[in-house]
Each structure stands twice: as C-alpha cells, then as structure tokens.
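Participant: This is what each chain is made of:
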Amino acid sequence: MSLGPYASFIVTSYALVTAVVLILIIWITIDHRRQKQRLRELESSGVVRRSGRGVADIR
Amino acid sequence: MTLIDLANPTRFLTLTARLLPWLAAATAILLLIGLYQSAMAPDDYQQGATVKIMFIHVPNAWLSMFVWGVMSVAALGTLVWRHPLADVAAKAAAPIGAAFTFLALVTGSLWGRPMWGTYWEWDARLTSVLILFLMYLGLMALWRAVEDPSRAARAAAVLTLVGAINLPIIKFSVDWWNTLHQPASVFRMGGSTLDRAFLIPLLVMALAFSLLFVTLHLAAMRNEILRRRVRALRLMQAAQVTQSSQRSA
Numbered sequence: 048m049s050l051g052p053y054a055s056f057i058v059t060s061y062a063l064v065t066a067v068v069l070i071l072i073i074w075i076t077i078d079h080r081r082q083k084q085r086l087r088e089l090e091s092s093g094v095v096r097r098s099g100r101g102v103a104d105i106r
Numbered sequence: 012m013t014l015i016d017l018a019n020p021t022r023f024l025t026l027t028a029r030l031l032p033w034l035a036a037a038t039a040i041l042l043l044i045g046l047y048q049s050a051m052a053p054d055d056y057q058q059g060a061t062v063k064i065m066f067i068h069v070p071n072a073w074l075s076m077f078v079w080g081v082m083s084v085a086a087l088g089t090l091v092w093r094h095p096l097a098d099v100a101a102k103a104a105a106p107i108g109a110a111f112t113f114l115a116l117v118t119g120s121l122w123g124r125p126m127w128g129t130y131w132e133w134d135a136r137l138t139s140v141l142i143l144f145l146m147y148l149g150l151m152a153l154w155r156a157v158e159d160p161s162r163a164a165r166a167a168a169v170l171t172l173v174g175a176i177n178l179p180i181i182k183f184s185v186d187w188w189n190t191l192h193q194p195a196s197v198f199r200m201g202g203s204t205l206d207r208a209f210l211i212p213l214l215v216m217a218l219a220f221s222l223l224f225v226t227l228h229l230a231a232m233r234n235e236i237l238r239r240r241v242r243a244l245r246l247m248q249a250a251q252v253t254q255s256s257q258r259s260a
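Sequences listed follow chains B and L, in order.
Take any residue in the first sequence, count from 1 to its spot, add 47: that is its number in our numbering.
Take any residue in the second sequence, count from 1 to its spot, add 11: that is its number in our numbering.
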C-alpha cells in the first residue's frame, strides 16, 4: 500500500484520531475508578446512601 | 425492562454494566474491519491516497453534529420533563462531542492542505464547525462554573437548544454559500455520488464511530451518576458533622 506524496498528512490524521480516541477511553476509565474509590472512602467513613446500596453493588 | 425503568439511575447502572462489554467488543471489531477496508480502498483518480482521510474525517464530522443533536434532545428532557438522566446524558456527551469536532476540524485541515492548498479558509462550513467546537467548550466551562448540578443543567440546556440553530447552518452551509468544501455526496436526493469502493468503508467507519460514541457516552454517564452520588454523600457527611458539633456545643 503506497500512500504517495501526501503520506505524512494521511498518517498524521490517523495517528491523531487514534491518540484522541485513546485519551477519551483512558480518561473515562480513570474517572470511573476515581469515583468508585471516592464512594468506597465515604462508605468506609460511615456515610451510606438512604437505599443502603453501596459501591459493591456497582460493577 | 421498559424505557421508563431507565429513569432510575440504579437500573441504568445495572443495564450499562451488562451492555458496555458487548458494545466495546462490537466497536473494536467494526473499527478493525473499517480500518482494513480503508487501507485496502483504491486511490481516487483526483485525490490519490489522500481520499483515505475521508474515512476518518467524515464520521467525526457527522458525529460532531449528531452529538449536539443528542444533547439537544437531552436538553428538552431537562427543561420539559425534568428527566433524572437527561442532564447526566447531556453533560456526559459534551466532552466526547468536543473531541469529535476537534478531530473533524484537524483531519479536515490535514486533508485541505494537499487538496485545496491551504489548511484553513474562513468559509461558511469551516467557520460554522469551528463555532460548534467553541460552543462545546463553552458548555463544558458552564458546567464547571456552576456548582449545583441541577442549576447548571438548566442553564446548559438553554444554551444547548440555542446552539442547535447552528446544526442546519453547518449542514446547508455548502448549499447556501460559496465554499471550498464539497457539497453533500453521501446522503442526498438522487443517491450517493460516491463509488461503492469508497462508500462501503465510509459507512462501516461511520457505524464504528457511532458505536464508539454510544459506548463512551454510556460509560461517561455511569461516571457522572457516580460523581453525583459522591457529591450527595459528601453533603450528607457535612450535615452530620454540623449536627454533631451543634449537639456538643
């Protein structure tokens, strides 16, 4: 597969899209872990929801 | 499970936990197929290999508008029905929409330089998409600026609905004004003008990016629900501390 004289524009476009999508995935994954960690800390300090459901119920 | 059941955040979290692995797997498979087809697509007789940029530029450009459309429906949910998940959906979609719009702008720029001889032109299509990107950033700033999520949601919903006026302007800008950007060539009266060799990889990539959006959006909504639970528990904690200090005083 030859990308011709404008290969740098094509490769940069695909690399940029890959990077931004990966950043989105990593950011959302880290955010999920952080929120669950905060919920765990609050529960361990004795603060619980009125429903009684805890972070263990969230996958 | 009926649609009304999804109004309950706990049920929504349960459903999301079940759906996300399947959605992520389907997205990854479709992306791989789309990338393979894009790599194998022939060169265009005029554009050469730069036509491959189309397979990522166009899905991002479509999604940049689609995500604002989703946020506009959510804004109606916030303002009219006060649906508990509506502002969660809108807030979670904004950064993803901003990312798609950023990618549409940059990949369009990288496609424009070899084809048009310039990275940027202040014409109607490019400028209206840049305005869309700035509106996404403004909306994200608004949510960060207002501490109370329900107050922020109402202000953001109004801004989102006002911003929706930009969507038809983006769509029809290539028909209403003279622009370097080509007119619609996929969804148009009389059928697509694209050859099947380009159309099929483009549609597969569009479907893959749409699934990517659904997956990321559900995951981001789940995070936003948890963030609001953390906030509610911290408020409860603060109230407990205040009560106990008042008793001891």
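Keep in mind the hints are simulated off the structure, nothing from the lab.
Treat each hint with caution, since some may be false.
[As the list claims (entries may be wrong)] Okay, the calculated bits of chain L under chain B, using three or more residues with CB under 8 Å as the criterion:
id, stretch
1, 62 to 73
2, 115 to 127
3, 186 to 196
4, 233 to 240
All C-beta atoms in this analysis are idealised placements derived from N, C-alpha and C, irrespective of residue type, glycine included.
Participant: Any hints from earlier that this structure breaks? Give me their numbers in increasing order, please.
Facilitator: 3
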